[in-house]
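**Q** Given next are the chains, with one letter for each unit.
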Amino acid sequence: MIHFDQVSKRYEGGHEALSQLSFEVPTGEMAFVTGHSGAGKSTLLKLLGLIERPSHGVISVDGRSLAKIRHSGIPKWRRHVGMVFQDHRLLLDRSVFANVELPLAIGGIARAERARRVRAALEKVGLLAYERQLPATLSTGEQQRVGIARAIVARPALLIADEPTGNLDPQLAVEIMGLFGEFQQVGTTVLIASHDLPLIKRMKKRVIVLDHGRLVADLAAQEVL
Amino acid sequence: MNTVPETLHVPADAPQRNIHSRGNRFASWQEHHRWSAASSLRRLASRPFGSLLTIAVMGLALALPLAFYLLLGNVQQLGRALGQSQAISVFLQPGRTASQAQLLAQQLGDRPEVAAVVVKTPQQGMDELAQMQGFSGALQTLDDNPLPYVLQLQPRAGVSALALEQMVADVRTLRSVDLVQDSGSWRQRLDALLGVGNRVVLVLASLLALAALLVVGNTIRVDIASRSEEIGVLLLVGASGAFVRRPYLYAGIWYGLFSGILAALLAVLIELALATPVAQLSQAYDGKLQVGGLPPWLLLAVPLVAAALGWLGARLVSAWQLRKAV
Chain U
1 MIHFDQVSKR YEGGHEALSQ LSFEVPTGEM AFVTGHSGAG KSTLLKLLGL
51 IERPSHGVIS VDGRSLAKIR HSGIPKWRRH VGMVFQDHRL LLDRSVFANV
101 ELPLAIGGIA RAERARRVRA ALEKVGLLAY ERQLPATLST GEQQRVGIAR
151 AIVARPALLI ADEPTGNLDP QLAVEIMGLF GEFQQVGTTV LIASHDLPLI
201 KRMKKRVIVL DHGRLVADLA AQEVL
Chain H
1 MNTVPETLHV PADAPQRNIH SRGNRFASWQ EHHRWSAASS LRRLASRPFG
51 SLLTIAVMGL ALALPLAFYL LLGNVQQLGR ALGQSQAISV FLQPGRTASQ
101 AQLLAQQLGD RPEVAAVVVK TPQQGMDELA QMQGFSGALQ TLDDNPLPYV
151 LQLQPRAGVS ALALEQMVAD VRTLRSVDLV QDSGSWRQRL DALLGVGNRV
201 VLVLASLLAL AALLVVGNTI RVDIASRSEE IGVLLLVGAS GAFVRRPYLY
251 AGIWYGLFSG ILAALLAVLI ELALATPVAQ LSQAYDGKLQ VGGLPPWLLL
301 AVPLVAAALG WLGARLVSAW QLRKAV
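Chains U and H supply the protein sequences, listed in that same order. The letter at position 112 of the first sequence is residue 112 when you use this note's numbering, and the numbering goes up by one with no holes. The letter at position 268 of the second sequence is residue 268 when you use this note's numbering, and the numbering goes up by one with no holes.
Simulated from the structure, these hints should not be mistaken for lab results. The model shown is predicted, which means the values in this text are computed figures rather than measured ones. Just so you know, even glycine gets a beta-carbon here, dropped at the ideal spot from N, CA and C. You may find that some hints are simply not true.
Negatives, chain U to chain H, calculated, CB over 10 angstroms [said to hold, decoys possible]:
id: 1; residue: Q6
id: 2; residue: E12
id: 3; residue: H15
id: 4; residue: E16
id: 5; residue: S19
id: 6; residue: D93
id: 7; residue: R132
id: 8; residue: T140
id: 9; residue: D169
id: 10; residue: H195
id: 11; residue: D196
id: 12; residue: I200
id: 13; residue: D211
id: 14; residue: H212
id: 15; residue: Q222
Across the chosen pairs, the derived CB separations fall in these ranges [what the hints assert, rightly or not]:
id: 16; chain 1: U; residue 1: S22; chain 2: H; residue 2: A211; range: 56 to 66 angstroms
id: 17; chain 1: U; residue 1: E12; chain 2: H; residue 2: G232; range: 32 to 42 angstroms
id: 18; chain 1: U; residue 1: R53; chain 2: H; residue 2: A38; range: 35 to 45 angstroms
id: 19; chain 1: H; residue 1: S46; chain 2: U; residue 2: Q222; range: 51 to 61 angstroms
id: 20; chain 1: H; residue 1: G232; chain 2: U; residue 2: R202; range: 24 to 34 angstroms
id: 21; chain 1: U; residue 1: S22; chain 2: H; residue 2: L210; range: 53 to 63 angstroms
id: 22; chain 1: U; residue 1: S72; chain 2: H; residue 2: G232; range: 15 to 25 angstroms
id: 23; chain 1: U; residue 1: G38; chain 2: H; residue 2: R25; range: 54 to 64 angstroms
id: 24; chain 1: U; residue 1: P198; chain 2: H; residue 2: G232; range: 27 to 37 angstroms
id: 25; chain 1: H; residue 1: G232; chain 2: U; residue 2: R10; range: 16 to 26 angstroms
id: 26; chain 1: H; residue 1: L210; chain 2: U; residue 2: Y11; range: 35 to 45 angstroms
id: 27; chain 1: U; residue 1: I69; chain 2: H; residue 2: R25; range: 54 to 64 angstroms
id: 28; chain 1: H; residue 1: R25; chain 2: U; residue 2: G166; range: 33 to 43 angstroms
Could you build the full structure based on these sequences and the hints that come with them?
**A** Okay, here's the thing in structure tokens:
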């Protein structure tokens, strides 16, 4: 379970990105975080990925306070969190296979097992045939799917995605969201930041609405129209 | 895209002991070392001009102290050779007999500082003077031979200037000795100069090693800066600092190793270039001067030490640079 308790984040310079934010996401749930640009969606995900630390409040995941994770423990934590970014963050000089393999190589997984898992993840996102290609030779949607394969290949307990469909056409965006839905079905907690309201409505999942860093609505799946 | 492959059905918290075993981790760690070593070498090869320039600068920096070391070693040899040719002349009191001269020669020859003693009779001295231009006429006017017996002491190789000075002082106190001519002060000055030279080589080697360290450090710094995006991605997917640093440390080792090899080659070339003039100088000293080359262990040690320097430079810079990363 993800638990935010009175979490605030103030950046250097005084900008308050999040203000006394409290909510919970049970294990295995899929939820959207939405709001206008600057609402604090990305900051919220950065706090979960330990890219940023909160200024106030407590964040815990499955009962473990993230504040207790020291700097040296951050890599290990990130291996349990799959992260998908709007700009994909792929290594352009390495093949699709090598990109997806990264979290497993970092985690010290044996080569044969890595190959099996990478191929399974690529098959899942429909890119098995592209494993030897460089990311630059793929379309934006395909690159995003490589990013998703990389995020899920290590079977993370928590999957967070920041505007994963930002650059995609509506049809591809629905397909990508469908993929996230499938990961939720196998027990992964999925948290997606998006401002694509039509898509969010279509997915019929819980929606957390932020405005200027504050929680303004927390809609259950059945409340989403 | 609609079917979930079997491998992804496993819950995230499922036991993974079989694939996360210590053996697997070690094998994976070894594999990453191999990959880092190979990929860093490929990166060096992918920009040959820049890499060669760095290696050349480092190689020259490391070759300089080697060249000085070589020069100093040969000056030391020269000093010894000159020292040997500078015998100490002991002039006995006039009127001393041949047997007294032989007895004293035997006594002095037993001293540990002395390698050999040559006794020159007054007649030999007179003959040497007669051979000198302008003396023959003057010598004919003498009724008696006024020259004394002279003992020429050859100092033993490796004896310190201080020990020789002490011996000369002892010889001067002997009753049968009239005068002692010694080049001890010359030897002392040479020893002092060589001492300064040794210190200069040491300081120079330290400074140039530091320069090599900075060259590697700066090269790695630029490399890291140009790959900051990649490093950011690696850190985001859970790479540790050690994992990210590894290729850069290998790059430092390669730079060091290659520049060390270059420095050793340059030192050998300098040695070969010096061989002919030193051999000519040696002939001038009856072959007493030996050409002193760099010992093989030093030539082997230079690339290894340089590789360690490269690693250290890369380690310091990468630790500093990565601290600023995500």
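**Q** Run every hint past the structure and note whether it holds.
**A** Status of each hint after checking the structure:
With a closest Cβ-Cβ approach of about 26 angstroms to chain H, U/Q6 is found to remain outside the 10 angstroms limit, as its non-interface label requires. Look at U/E12: its CB is around 15 angstroms from the nearest CB on chain H, clear of 10 angstroms, so calling it non-interface holds up. For U/H15, the condition that its CB be more than 10 angstroms from all CB atoms of chain H holds, with the nearest at approximately 19 angstroms. Here U/E16 stays apart from chain H, with its beta-carbon at least about 22 angstroms from theirs, past the 10 angstroms limit.
No beta-carbon of chain H is positioned within 10 angstroms of the beta-carbon of U/S19; the least distance is around 24 angstroms. Some Cβ of chain H comes within 10 angstroms of the Cβ of U/D93; the nearest lies about 8 angstroms off, and the non-interface call is violated. For U/R132, the condition that its CB be more than 10 angstroms from all CB atoms of chain H holds, with the nearest at approximately 17 angstroms. Interface exclusion of U/T140 from chain H stands, the closest Cβ pair being 17 angstroms apart, more than 10 angstroms.
Non-interface call for U/D169 relative to chain H: holds, since the shortest CB-CB distance, roughly 16 angstroms, exceeds 10 angstroms. At roughly 22 angstroms, the least C-beta separation between U/H195 and chain H is larger than 10 angstroms, which holds for a residue marked as non-interface. With a cut of 10 angstroms on Cβ distances, U/D196 stays outside the contact zone with chain H, its closest approach being about 20 angstroms. In this structure U/I200 is separated from chain H by more than 10 angstroms, as the shortest Cβ-Cβ distance comes to about 21 angstroms.
U/D211, annotated as away from the interface, keeps every beta carbon of chain H farther than 10 angstroms; the closest lies near 27 angstroms. Every beta carbon of chain H lies more than 10 angstroms from that of U/H212, the smallest distance being close to 26 angstroms; the non-interface claim holds. Against chain H, the non-interface label of U/Q222 holds: every CB pair exceeds 10 angstroms, the least being about 25 angstroms. Between U/S22 and H/A211 the CB atoms are about 57 angstroms apart, so this pair conforms to the stated range of 56 to 66 angstroms.
Under the hint 32 to 42 angstroms, the C-beta atoms of U/E12 and H/G232, about 19 angstroms apart, miss the expected range. A C-beta distance of roughly 37 angstroms is found between U/R53 and H/A38, which places it inside the suggested range of 35 to 45 angstroms. Take H/S46 and U/Q222: their Cβ atoms lie about 57 angstroms apart, and the range 51 to 61 angstroms holds. Between H/G232 and U/R202 the C-beta distance comes to about 33 angstroms, which sits within the given range of 24 to 34 angstroms.
Between U/S22 and H/L210 the CB atoms are about 55 angstroms apart, so this pair conforms to the stated range of 53 to 63 angstroms. For the hinted restraint 15 to 25 angstroms between U/S72 and H/G232, the CB-CB distance of approximately 18 angstroms keeps it satisfied. Between U/G38 and H/R25 the C-beta distance comes to about 43 angstroms, which lies outside the given range of 54 to 64 angstroms. Checked against the hint of 27 to 37 angstroms, the pair U/P198 and H/G232 passes, with Cβ atoms roughly 32 angstroms apart.
The beta-carbon spacing between H/G232 and U/R10, approximately 23 angstroms, falls within the hinted interval of 16 to 26 angstroms. For H/L210 paired with U/Y11, a C-beta distance near 40 angstroms keeps the hint of 35 to 45 angstroms intact. A hinted range of 54 to 64 angstroms for the beta carbons of U/I69 and H/R25 is inconsistent with their spacing of about 21 angstroms. For H/R25 and U/G166, the Cβ-Cβ distance of about 37 angstroms falls inside the hinted range of 33 to 43 angstroms, so the restraint holds.
When each numbered hint is compared with the structure, violations occur for hints 6, 17, 23 and 27.
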